[in-house]
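Please put together the full structure from these sequences, using the hints given.
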Amino acid sequence: MAFRRRSIIPGFGLTFGFTVLYLCLIVLIPLSATVFETSKLGWQQFWHIVTAPRAVASYELSFGASLTGALINFVFGILVAWVLVRYAFPARRILDSLVDLPFALPTAVAGIALTTIYAQNGWLGRPLASLGVHVAFTRLGIVVALTFIGLPFVVRTVQPILQDLDRELEEAAASLGAGRWQTFGRVLFPAILPAALTGVALAFARGVGEYGSVIFIAGNMPMRTEITPLLIVTKLEQYDYAGATAIAVVMLVVSFVLLLGINLLQKWSSAPSG
Amino acid sequence: MASRYHQGGNVLSITVANVTKRFGTFTALDDVSLEISAGRLVALLGPSGSGKTTLLRIIAGLEFAESGAIRFDGQDISDRAAGERRVGFVFQHYALFRHMTVFENVAFGLRVRPRGERPTRQQIRDRVGDLLDLIQLRSQAGRYPSQLSGGQRQRVALARALAVEPRVLLLDEPFGALDAKVRQELRRWLRQLHDDVGVTSVFVTHDQEEALEVADQVAVMNQGRIVQVGTPDEVYNHPANSFVYNFLGNVNLFHGRVDNGMTYINQDATGDLIFARPHALEITRNANGPNHFRATTKHINAAGPLVKIEVITEWGAPVHIEMAQERFRDLALNKGEEVYIIPRDLAIFEATHGDFTPSR
Amino acid sequence: MVSALPGVSAPAVGEPAFVRRALIAVTVIFLGVFLFAPLAVIFASAFGQGVAAYFRSFQDPDTIAAIRLTLLAAAIAVPANVVFGVAAAWTIGKFEFVGKNVLISLIDLPFSVSPVVAGLIYVLLFGAQGVLGPWLTAHDIHIIFAVPGIVLATIFVTFPFVARELLPTMIAQGSDEEEASLTLGAGGWQTFMRVTLPNVRWALFYGVILCNARAMGEFGAVSVVSGHIRGLTNTMPLQIEVLYNDYQFVPAFAVASLLALLALATLVIKSFVEWRAGTTKEVTF
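Chains X, W and Z, in that order, give the protein sequences. Residues 0 to 273, numbered by numbering that gives the first Met the number 0, are exactly what the first sequence covers, in order. Residues 0 to 359, numbered by numbering that gives the first Met the number 0, are exactly what the second sequence covers, in order. Residues 0 to 284, numbered by numbering that gives the first Met the number 0, are exactly what the third sequence covers, in order.
The hints are simulated quantities; they were obtained by calculation from the structure and are not laboratory data. Heads up, some of the hints might be wrong.
What the hints assert, rightly or not - Beta-carbon label-pair distances, calculated as ranges:
| id | chain 1 | residue 1 | chain 2 | residue 2 | range |
| --- | --- | --- | --- | --- | --- |
| 1 | X | A171 | W | G248 | 38 to 46 Å |
| 2 | W | A302 | X | V74 | 30 to 38 Å |
| 3 | Z | D139 | X | V74 | 26 to 34 Å |
| 4 | X | G63 | Z | Q48 | 36 to 44 Å |
| 5 | X | W180 | W | G248 | 32 to 40 Å |
| 6 | W | S148 | X | R92 | 27 to 35 Å |
| 7 | Z | Q48 | X | F35 | 47 to 55 Å |
| 8 | W | L252 | X | S269 | 41 to 49 Å |
| 9 | Z | A264 | X | F35 | 37 to 45 Å |
| 10 | X | V252 | Z | P167 | 24 to 32 Å |
| 11 | X | W180 | Z | P167 | 33 to 41 Å |
| 12 | Z | I63 | X | F255 | 37 to 45 Å |
Owing to the predicted nature of the structure, the values given are computational and were not obtained by experimental measurement. All residues carry an ideal CB built from backbone N, CA and C; glycine is no exception.
Written out as structure tokens, the structure is:
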């Protein structure tokens with residue numbers, strides 16, 4: 000079989016060539032530099048770096064906080080999507096538009112804003128401190144930042160599903176004697192679950208790599224509040240290129256596995272159901 | 000045959016010579032040849048997957064054949080780009096430019112001409128105006144395709160194709176996406192338009208009624224081959240093989256054999272193919288002569304000009320029969336009645352290799 | 000005030016009013032704390048010491064230099080990615096070829112790479128100890144800790160935006176209109192300019208807006224390659240970090256307020272484009 004079906008539409012050679020060239024120059028060749036750099040290390044040395052206690056602590060923090068944030072968004076994302084799609088109330092449209100704010104707001108801006116809110120004398124930091132809860136410069140702060148960053152994902156994956164959901168489905172369930180809770184649990188929830196999980200996976204993937212919004216609110220204490228991307232930066236600033244790259248490779252592998260999982264999830268959620 | 004809508008564009012003949020086209024391992028066209036005389040309106044008729052649209056797109060230059068040639072008036076144009084062939088192509092889903100008004104859609108082909116050949120603004124306005132009159136949509140000139148009905152879009156697509164004074168007009172399932180009533184109207188209109196404009200036209204359809212009603216000539220296609228070419232009368236009344244017979248209208252199928260001028264119907268599915276159109280089977284109460292079989296009426300639909308009756312033969316097969324209202328009233332048939340069926344006209348195809356060929 | 004959307008909620012399957020009110024209240028509080036409060040605190044802090052202090056923040060030459068550099072990086076990165084996005088969408092949307100899905104996945108790749116890693120890979124290539132480092136030093140070419148590195152990192156993180164907005168539109172529109180245009184005698188370029196481009200103009204516009212917002216706001220990747228040289232290699236987000244760490248809160252939030260306004264403008268345009276296209280929301284980042 001030929002590489003390409005002959006077509007009367009012109010410009011394949013030019014656009015395909017440019018696309019692949021640009022992709023190679025900007026993305027693929029630079030990314031392959033990580034492999035090149037790590038290959039300077041032996042396997043043992045690589046393993047030693049990526050399993051050092053400080054690195055492992057950073058993975059636990061990055062993955063743990065991202066997962067926590069993603070799960071918070073799972074619950075609240077479904078709620079927000081539900082309320083925005085199903086109910087009419089003042090400022091609904093504005094809130095709807097505002098949901099994308101974490102996508103649009105530069106991460107550094109989000110970082111200093113969240114830190115200011117949750118600092119000891121901040122709008123929320125002060126009342127929380129009087130309850131004995133400290134957010135800024137703790138692990139809780141990291142969870143707050145990652146919840147903020149991941150907020151739009153679940154909402155925006157669930158929203159179109161809810162909008163397209165046939166109301167007759169619910170009416171059928173009601174006519175068959177199901178209560179509102181049963182209808183939600185047995186009819187609606189299964190319908191939106193694949194999309195919601197896709198959103199969770201996207202939020203998690205984004206959270207693991209997040210840097211700007213976290214470093215201001217995290218205490219950045221090694222072993223306690225140091226996220227993996229920050230560890231990479233720290234190693235770079237010490238000119239430990241090989242060490243930084245080794246940890247970057249771990250992150251890349253995790254990202255690609257997540258990407259694969261998200262693709263599978265999206266296939267699942269777009270598969271015909273019911 | 001120049002007309003107001005088709006100034007000076009010479010009318011030409013189309014030759015399809017031994018064209019073969021494959022998509023991967025699928026052979027869409029298998030050594031197809033076809034001769035279309037100048038000024039004709041020809042239908043490519045066949046079921047989906049028969050290769051009719053592929054053939055049309057190859058004539059237009061939208062697809063490329065692996066082998067074979069397309070000639071316009073004897074001149075090989077196989078290697079010419081679609082834009083250089085001066086064909087008007089009407090797409091199945093119209094492919095109107097959605098961001099342009101009706102006027103701009105029709106004017107497009109004139110506006111994109113190289114500077115030297117481009118008509119003046121006034122000429123463009125006049126010509127588009129004429130075409131909009133032709134399709135009776137002048138009042139809609141400023142509208143966008145999304146604001147038009149399906150039938151209107153179809154007419155705009157036609158006008159757009161005619162604007163460049165094509166030497167050949169090609170239409171892909173021109174009525175496929177329209178509802179029954181609009182279809183009827185547009186069919187008659189297309190026939191009229193062809194008579195007015197006189198440009199050699201080819202259209203693709205899977206609807207035998209449409210092909211038989213509109214076209215001068217019908218090319219019946221099946222599995223990448225042209226099975227028969229002829230006038231509607233020829234293909235309907237003298238089908239080349241069982242496929243054509245079967246495809247052109249409703250039929251009842253029997254199996255059996257012909258011996259000494261007698262037709263024997265087998266009750267199992269063996270032997271030659273015997274076809275009978277629903278109107279060629281007669282229902283009577285008393286059988287005289289040897290040529291008949293018994294059946295029981297199962298369902299009667301008397302709505303419409305013809306009464307449609309489904310009977311179950313004595314060997315348990317369903318058979319469809321049509322008769323005039325008058326005859327139905329005379330008979331005063333009831334559901335569940337035992338009757339005799341007399342075949343008036345049978346088409347018998349002997350079981351040779353491949354398709355069955357006529358033996359009459 | 001609180002009601003079901005007309006025509007959406009049939010009485011048979013609605014929730015009781017108190018449940019609706021409770022759910023709306025929780026949503027409003029959640030979004031208020033997580034979205035509205037950060038936005039409000041930016042402007043409150045920026046104007047915390049009055050309007051005069053706010054505007055004085057923009058007289059700092061380092062801040063002015065940062066704004067200039069941000070505009071420059073976006074002015075290069077956005078057009079580069081527009082050209083790429085259009086080419087990629089044309090190739091993928093209009094042709095059938097082997098490996099198409101692989102190409103689509105590769106275009107999305109930069110989204111799944113941490114910004115810090117995005118910066119790192121350019122340091123590995125062009126840094127003093129990098130693969131091309133010795134050659135670059137010998138020819139006195141500075142990429143890392145200089146403007147070219149910042150531009151490259153910005154291009155990387157905004158790489159998929161335009162292509163991703165254009166692709167679904169181009170694929171959905173198919174090639175019918177282009178084929179019609181070609182049979183009517185238009186050339187390839189004419190077809191692209193007169194038929195394809197007008198059809199995807201809103202998607203393209205939106206892609207440019209998103210690409211620009213991210214280009215101006217990128218922090219992690221740029222931070223790694225910049226070297227944080229004040230007045231020279233600091234972009235606006237980096238300048239915010241510097242000011243904030245110096246406890247100059249008003250100037251830090253003043254610069255942040257500009258980027259927040261850009262974000263708000265992006266959201267308004269997004270709503271407008273979606274309203275125009277009549278489409279539902281999608282995850283676009």
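Enumerate the violated hints, using their earlier numbering and listing them in ascending order. 2, 3, 5
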